[in-house]
Amino acid sequence: MSTAEPTVIEITAAPIDLNALQRAVTTPRDGAVVLFTGTVRGQTGDVETIQLEYEAYTEMALAKLRQIAEEMRARFPLIHGIALVQRVGAMEVGEPTVAVVVSASHRGDGAFEAARYGIDRLKQIVPIWKKEVRPDGSAWVEGDYMPAVGD
Amino acid sequence: MSTAEPTVIEITAAPIDLNALQRAVTTPRDGAVVLFTGTVRGQTGDVETIQLEYEAYTEMALAKLRQIAEEMRARFPLIHGIALVQRVGAMEVGEPTVAVVVSASHRGDGAFEAARYGIDRLKQIVPIWKKEVRPDGSAWVEGDYMPAVGD
Amino acid sequence: MKVKLFATLKERAGAPEIVLQGAATTVAEVRQRIAEQYPHLAALAARSIVAVNHQFAFDADPVHPDDEIALFPPVSGG
Amino acid sequence: MKVKLFATLKERAGAPEIVLQGAATTVAEVRQRIAEQYPHLAALAARSIVAVNHQFAFDADPVHPDDEIALFPPVSGG
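Protein chains in written order, with the numbering used here: chain A, 1 to 151; chain B, 1 to 151; chain C, 1 to 78; chain D, 1 to 78.
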């Protein structure tokens, strides 16, 4: 990976700034940037969420985000910049909790597919947990993916 | 379409603000937002671009953007908010020129596919043209899509 | 009958709009009038797109005197 | 030997870390020590994930006294 292919990896308590991430990943060769952002969903069917509180095993989460960026580059060799940012702490409904950003020269160069792959993997292997605050109390949400050898 | 499903359609000379667009399309039911942004590519192979200058047939472009939003909703019925924004005027390398933003409850609800469809259609049927400013002069770029009946 | 021009066509014409003399009742006739009355636009116009009232229009489509007619090259937005 | 805890496990233990008495040379032994020495964590621990030095670890994997060991539920980031 050359310095012309930026990789931004962050676990942060600060609000996610999509404009800044777009600028950070875009190289002069890029004409297309795909950004995925997860947000705090306030309504899931009839269930209301007020707030999500995220906790990370920071050192391992950073290592796993770096691993995901490598997996993305291996699978989608035409992409250039990558940003993988997870916010931690308390977040309100509508706020971005995570961002997966990918740049490429053209929209058909795999940026859409790489961003989708990145968020799928992030939800599988990055040690982050969320506690949901509902009108009737709060509870930890558990994922259902069990890591396999090589994850 | 209910008011709970925002549709933002704009042809504007102002810089594109991805954070504002994310907020504009995200409803309380949404946990996933996909943003595509086109940027001014400075290098295409050995060819250098300094600036792009966009011109629109504004009234028709707005009508076509509205049509694309309807096509997206028809094809991807689980998506919620949509923003289709084209910036016009002069833009520098790295700057966002266009944004296609889609929200949905979950990342598997078609937001990635709808955003890809939206940018593909925008490049086919929305009357916008760009003039490329290169070190050796400037020239209008022409698309190669000819509209079909029903476009 | 007025025809709006964009991009290369506007630049070649030196104006954002041209006026056609004589009636045209179809898109094909509009194209023909342009070729006759603005010969320096003829080559470009031949591979350009016609829109009537903000919708793409094809040779057999009708045009009326108060329609908004536009001529432009294949689009390249995004 | 110390074991870092996260999410539900941290909450149940009332601390971000527990200390295991006696040696454990494999991940399976770590799990066994936790079940013996922290019975109120046993049920949760049985369906939790073990990481050694920031990598997922499985029952047969070795552990060394200076490894960073962590126990946590299936992840739910994003």
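Careful, some of the hints might be misleading.
Taking lysine to any residue pairs in the SDA-like style, the calculated list, with each CA pair at most 25 Å apart, reads [what the hints assert, rightly or not]:
#1 A:131 to A:73
#2 C:10 to B:116
#3 A:123 to B:105
#4 C:4 to B:105
#5 B:131 to C:4
#6 D:10 to D:32
#7 C:4 to C:37
#8 D:10 to A:11
#9 B:123 to B:10
#10 A:131 to D:66
These are calculated hints, taken from the structure and not from any lab test.
Structure-based check of all given hints:
A distance of roughly 32 Å separates the Cα atoms of residue 131 (chain A) and residue 73 (chain A); the hinted pair therefore is violated under the 25 Å criterion. A threshold of 25 Å between alpha carbons decides the hint, and for residue 10 (chain C) with residue 116 (chain B) the separation of about 31 Å lies outside it, so the pair is violated. Restraint check for residue 123 (chain A) and residue 105 (chain B): the C-alpha separation of about 16 Å stays at or below 25 Å, so the hint holds. Of the supplied pair hints, the one linking residue 4 (chain C) and residue 105 (chain B) is violated, its CA atoms being roughly 43 Å apart against a limit of 25 Å.
At roughly 18 Å between alpha-carbon atoms, residue 131 (chain B) and residue 4 (chain C) fall within 25 Å of each other, so this suggested pair holds. With a C-alpha separation of about 18 Å, the suggested pairing of residue 10 (chain D) with residue 32 (chain D) holds against the 25 Å cut-off. At most 25 Å may separate the alpha-carbon atoms for a hinted pair to count; residue 4 (chain C) and residue 37 (chain C) meet this at roughly 15 Å. For the suggested pair residue 10 (chain D) and residue 11 (chain A), the alpha carbons sit about 20 Å apart, so the restraint of at most 25 Å is met.
Restraint check: the Cα-Cα separation between residue 123 (chain B) and residue 10 (chain B) comes to about 15 Å, which is no more than 25 Å; the hinted pair holds. Distance check on the hinted pair: residue 131 (chain A) and residue 66 (chain D) sit about 31 Å apart at the alpha-carbon level, beyond 25 Å; violated.
In summary, the structure is inconsistent with hints 1, 2, 4 and 10 from the numbered list given earlier, while agreeing with the others.
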